[in-house]
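J.: The chain contents come next:
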Amino acid sequence: MLEEPFVPIAPLPPSQLRHSRLVDGVLWLLRRRRRFRVVGVSMWPLLEPGAEVLINPFAYGQQRPRSGDLIVAYHPGRSGLRLIKWVVYVESEGCFLQGLNDGASTDSREFGLVPWDRIVGKVICRFP
Amino acid sequence: MLNQAIAKLQAWFPADEVHAHCDGPCGVYDSASARVAAEAVLSMTKKLIDLEPPAAGDKAASIAYQNTFSRYIAIKEEQAQLTKDELLILWTDYFKPVHLEQFPDLHDTFWKAAKLCSACKVEVSVQHATELIAAVQKIHGIFWATKNRDVAWYTAS
Chain L
1 MLEEPFVPIA PLPPSQLRHS RLVDGVLWLL RRRRRFRVVG VSMWPLLEPG AEVLINPFAY
61 GQQRPRSGDL IVAYHPGRSG LRLIKWVVYV ESEGCFLQGL NDGASTDSRE FGLVPWDRIV
121 GKVICRFP
Chain G
1 MLNQAIAKLQ AWFPADEVHA HCDGPCGVYD SASARVAAEA VLSMTKKLID LEPPAAGDKA
61 ASIAYQNTFS RYIAIKEEQA QLTKDELLIL WTDYFKPVHL EQFPDLHDTF WKAAKLCSAC
121 KVEVSVQHAT ELIAAVQKIH GIFWATKNRD VAWYTAS
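Protein sequence lines correspond, in order, to chains L and G.
27 is the number that the numbering used here gives to position 27 of the first sequence; each next residue is one higher, with no gaps.
108 is the number that the numbering used here gives to position 108 of the second sequence; each next residue is one higher, with no gaps.
Hints listed in this document are in silico derivations from the structure and should not be mistaken for laboratory results.
All the given hints hold, so there is nothing to weed out.
With a straight-line cut-off of 20 angstroms between C-alpha atoms, the simulated EDC-like cross-links for lysine to aspartate or glutamate are: (1) G/Lys46 to G/Glu78; (2) G/Lys46 to G/Glu123; (3) G/Lys46 to G/Glu131; (4) G/Lys147 to L/Glu110; (5) L/Lys122 to G/Asp16; (6) G/Lys138 to G/Asp150; (7) G/Lys115 to G/Asp85; (8) G/Lys8 to L/Asp24; (9) G/Lys47 to G/Glu77; (10) L/Lys122 to G/Glu17; (11) G/Lys121 to G/Asp50; (12) G/Lys115 to G/Glu77; (13) G/Lys8 to L/Glu52; (14) G/Lys112 to G/Asp93; (15) G/Lys112 to G/Glu123; (16) G/Lys112 to G/Glu131; (17) G/Lys112 to G/Glu78; (18) G/Lys96 to L/Glu110.
With the sequences and hints as input, model every part of the structure.
T.: Structure follows, in structure tokens:
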């Protein structure tokens, strides 16, 4: 029997992000979500500068990010600088992050894999 | 109604920033940022050494002296850290493997320069602050050489 040819699947960047629902607001008030405001254009057109998002800081306690996730992480070389990017692929020591707007994004193409301990959480939705 | 309430909530409680980050219009780097900070470190180090302690028993002069001394130290610390940050940005973000082929001692140069930043924080050493300036000058030369541009070294002070 002929085997199916292996077709590599290129990871797809996230193209949509839903708006928040009442439950998201409640989870935020209960401090199960964190709110952030986007600065910069590297996630345009999905997220414009000034857009707000809610993230789940506990999303990666038990499991690792997956390709296609939108995440917030600290820049590996610049203390205190929080980034919002998407996960292109995951390796054992960290994940490769990229902006959606390749021409205006500084990301893993420059600074390499982002280690697990630099990841802040998973972007869940816009706010509101 | 709900939207207005949310808008007010957003205004009253500003969210923390998260950067859809780009280092300037991508690719804008300059070793001058590290130079200015390193010059400040040397300047503060010299000022600390030159600062004369007040006569014993003069409380007002003692307070003024300690205030000035503390401020000089705080600035020296801050600028040494800033120098290190600026150097690390160049090292990790600007320089690529192809530059390492051109300048095999690139890693060693940055590592030693970063170590000098630490030494300048820990000590009050004109020697190390001067060596830090020399290290930044060397990086200035390498940086502009990778861009095939002849940019003369200069200092602000």
